[in-house]
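Q: Residue numbers (this note's numbering), protein chains in the order written: chain F, 14 to 154; chain S, 14 to 154; chain H, 5 to 395; chain U, 5 to 395.
Treat the hints as calculated values from the structure; they're not laboratory data.
There may be inaccurate statements among the hints.
Interface residues of chain S toward chain H, partial, derived using beta-carbon atoms under 7 Å [what the hints assert, rightly or not]: (1) R58; (2) G77; (3) C78; (4) P79.
Below, a list of computed lysine-lysine pairs in the DSSO-like style, where the Cα atoms sit at most 27 Å apart [as the list claims (entries may be wrong)]: (5) H:K117 - U:K121; (6) H:K148 - H:K117; (7) H:K110 - H:K173; (8) H:K121 - H:K110; (9) H:K110 - H:K130; (10) H:K121 - U:K117; (11) H:K173 - H:K148; (12) H:K130 - H:K173; (13) H:K121 - U:K121.
Because the structure is a prediction, the values reported are computed rather than measured.
Backbone N, C-alpha and C fix where the C-beta goes; we use that ideal spot for every residue, glycine too.
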Amino acid sequence: MQSLSYSPLVERYFGHPMSVGPWPPDAGPTAVGDAGREDLGTRVRFELHSDGGVVTGARFQAFGCPHTIAAAAWLAEHLPGRTLESANSMPILELGRLLDVPTEKLGRLLVVEDALHAAIENAGLIRKTGPQLNAEQAQGT
Amino acid sequence: MQSLSYSPLVERYFGHPMSVGPWPPDAGPTAVGDAGREDLGTRVRFELHSDGGVVTGARFQAFGCPHTIAAAAWLAEHLPGRTLESANSMPILELGRLLDVPTEKLGRLLVVEDALHAAIENAGLIRKTGPQLNAEQAQGT
Amino acid sequence: MTATCIYMDNAATTPVDPRVAAVMVECLTADGCFANPSSTGHAPGNAARARVEKARAQVAALIGTEPAAIVWTSGATESDNLAILGVARAQRERGRHLVTARTEHKAVLDPCKQLEKEGFEVTYLKPGADGIVQPDAVAAALRKDTLLVSLMQANNEIGVIQDVGAVGKICRDRGVLLHVDAAQSTGKVHIDVNEQCIDLMSLTAHKTYGPKGVGALYVRRHPRPLMQPLIFGGGQEWGLRSGTLPTHQIVGMGMAYEIAGREHASESARLSALRLRLWAGLKQLGDVELNGHPTQRVAGLLNVSFAGVEGESLLYALPQLAVSTGSACTSASHEASYVLRALGRSDQLAQSSLRFSLGRFSTESDVDYAIGAVTEAVRRLRRLAPASVPG
Amino acid sequence: MTATCIYMDNAATTPVDPRVAAVMVECLTADGCFANPSSTGHAPGNAARARVEKARAQVAALIGTEPAAIVWTSGATESDNLAILGVARAQRERGRHLVTARTEHKAVLDPCKQLEKEGFEVTYLKPGADGIVQPDAVAAALRKDTLLVSLMQANNEIGVIQDVGAVGKICRDRGVLLHVDAAQSTGKVHIDVNEQCIDLMSLTAHKTYGPKGVGALYVRRHPRPLMQPLIFGGGQEWGLRSGTLPTHQIVGMGMAYEIAGREHASESARLSALRLRLWAGLKQLGDVELNGHPTQRVAGLLNVSFAGVEGESLLYALPQLAVSTGSACTSASHEASYVLRALGRSDQLAQSSLRFSLGRFSTESDVDYAIGAVTEAVRRLRRLAPASVPG
Ligand SMILES: Cc1ncc(COP(=O)(O)O)c(C=O)c1O
Ligand SMILES: Cc1ncc(COP(=O)(O)O)c(C=O)c1O
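So here's chain F without its partners, still in its complex pose (with noise of 0.2 Å):
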């Protein structure tokens, strides 16, 4: 008995995300993190350019109901400028409360969460060993 009623930030968020889709070939070094299977109904994908330990650009794609997508697409856009360790312990439930995600739906912000920090460990990884890394997990190994 429960309606399909979105906050107007999942409204806005799904409706109009910035910062979607992979990378350019050519835009430098990539950190990609995956996570979850369509299967199950979500999945996630985070592309990271960083510079010294901080995000310069991400970008999001996302499989997945409107909060999901909502979520992928904030924490998109407000990556840029913190360090990647601060990135790492961005509190993902409190997003999921700032978007008014339902409780039975919080698990699907952890599938959000899960490509995030892979992304992240990856591009902790390009940063210590150079991009050729990259350009593996780009090809989606």
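Given chain F's structure and the hints, the job is docking chains S, H and U with the ligands onto it.
A: Frame of chain F; chains S, H and U with the ligands shown alone:
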């Protein structure tokens, strides 16, 4: 799921019964016949005048449903002119059909018939023994 | 066809108030709020859902509870069945005894009879000659294994009001659930399910100027009694009652109850005066008796026994007056009203009673017409009837 | 509020036809035919009864039977429950086995689950990938102790039509009762309960341009199956369904079915053309799949799976289009439609499907709007989604 609907004949004999009520005390020897009980829903009385074995006048009173009242009224109207014998064998179930009495109510017509038969029997007694008996009957013993 | 008939059978059903009809009509056709309230994936569905929830709040308000305690049904018959069969079947391991009264509606008595077939015992309390069931009598009937007491608030045939609040306190103390059939009391009698300690309450729209075919069951929430549904399916109404919610019907019931709450006091005063006028007029006939308690009663209902006339004929002699008889006039038998019999009325008096139920649209001139028509009919039938003979 | 929304969810519920609304309105207020159809002691009651009986004949005519075989209920959910629970509980000594299909409505499956708790066994047949249950599969599932087969005629999610006539002949031969849920087929598919050997049939008004909250159960008369009521009370409807009959609702259903019978052929032709136009437009997107048999289906219903998009988001991206998803979108889970899963669709495809159900008031420009809006939404969501990665 059955409705209180009555045939036009019932409507006429219930709505405008003639031959109603007791004969006036000075109307001559009267043969009375009673049957039924109010607490069982039906009580009928006929009062007959007869001469030489032929009904010369008939009146009825009835406590009962519209079919009962209509049947008694019809009989009271149609008795005069008949011999006591033919009056005694008037086919009550056919009258029931004439008045569209529902099957479940046919039992009540038997009360009407009982009252008529009682009155006819008394008329026969009067014929044999003279009006003394009638006086007693009319007092309703 | 019915235009020349004066309607005094509001206890059977009321006409829909025009204000109610107006909101119902808004929820029917393609330009209205017609969608399925469970279709919350789109705007029309959400609009219908919003109206259903508004109606739930309107109904809840009339009985002093929260919206989430209201379960929509198809009427009080279903609500009575859901309450009684639902509790008993779900809690049969806790107890197998129920208490009710002989003057309850068939919608309570018949599920009780069904439960007897399913292994339950039911105590049917006999009310006093005034129709009142004493709370003490209920207390005395309770047993260790009593699950539920079912007692109506206002009786549909004679209009007497039971003290459900007093019964509620007894039941609450003893840990027994109380179900109240309030089909005849909404908008007529004060209801507060918390104050009156009521666990389950059956409601219907069509005795309170709402549409036929929609009702509700109040189900207390804290604690919520364990119940088995009657109807399984889409899981609507917390699984207690599946089936598409009829938006227009529910919206109509909500509006009807809102009006009832607002106009209760003034309407009761007006109807009381009309009823007293009617009774004063009919008493002139002589050999008439009022059925049920003279004052502990709903405002608009008057049930009178007429000595010396037969019920069906009396009704038939009143073609311009829509009233009902104490007898089961639609059945073929001469069976007298079981309610009046339970009060100790003789078969004859029970059988020759009329129920006059005045309503929102009844007028003084209706009452005066009724007095005249009944007086004439009773006099005529009494003249037709033979003088009583001994035995 | 809903004015800017194009309604394509007629399988969830239809708007009431204005011709139906007109007769309903005649049965509401004090100047109309509002009385209780059981109040046959007075003229207004008899007038209401007459309209109820006329409606009974209208409903009976659509399915090829006599009025006395029609029992009024509150809708198909109740009818399904009454048929299944009613037969099983009354005949449990004759047998304890039922047969149905996995793609039935919850109003059939849930009472079957309840019966499992009451000691019955139920066989749930799996349809083919096209949604069709082969009559042979039903025959093979019958046992000596099978009481009842319950099979819907038109499926509510995918619109496929079962050959209930063939199943009926098998059941009749084997002495097993056949119940058919026809909620989605009245006015859309040929029905003749005698020719098709159907013993019980669930009907509802609100999928056929009648009001929500009223339905009927067809119960074969010669012989009449033994049944236990769900709801006990006043004894209306031959004791099978007590409760005050809602005149306006019943009259609405009667009129809706009369219109359905009259306009079935022309309406089906028009809706078929619209559906084919819609499908032709959506196919252009690529990676879309039609759910259910391509031709053995009702005219107006199209269920399509869109690869690469998530169902709830797709719905949310179509605020101006009232359609429904294959997923249980009102529930919190990502649970995919059990109907589409029973057809063998993957969770993802089942979850990202849309049901378009066209109706009497759908137009060509509605269809063209839908094609445009869905195309744009699917393209956008596909662009948003990450390219697939291997497992
Ligand atoms: C006291 C009482 N309970 C129950 C009912 C049944 O209600 P419904 O007609 O809504 O099924 C009625 C009226 O018929 C009633 O008067
Ligand atoms: C196939 C089918 N059966 C039963 C139902 C339930 O009908 P109702 O809404 O009348 O209870 C529906 C629709 O909801 C349906 O589509």
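Q: So, for every hint listed, does it hold in this structure?
A: Verification of the supplied hints:
1. R58: 4 Å, holds
2. G77: 5 Å, holds
3. C78: 4 Å, holds
4. P79: 5 Å, holds
5. H:K117 - U:K121: This hinted pair holds, its Cα atoms lying about 23 Å apart.
6. H:K148 - H:K117: With Cα atoms ~21 Å apart, H:K148 and H:K117 stay inside 27 Å; holds.
7. H:K110 - H:K173: 25 Å, holds
8. H:K121 - H:K110: 16 Å, holds
9. H:K110 - H:K130: 15 Å, holds
10. H:K121 - U:K117: 23 Å, holds
11. H:K173 - H:K148: 17 Å, holds
12. H:K130 - H:K173: 20 Å, holds
13. H:K121 - U:K121: Between H:K121 and U:K121 the Cα gap is close to 19 Å, so the pair holds against 27 Å.
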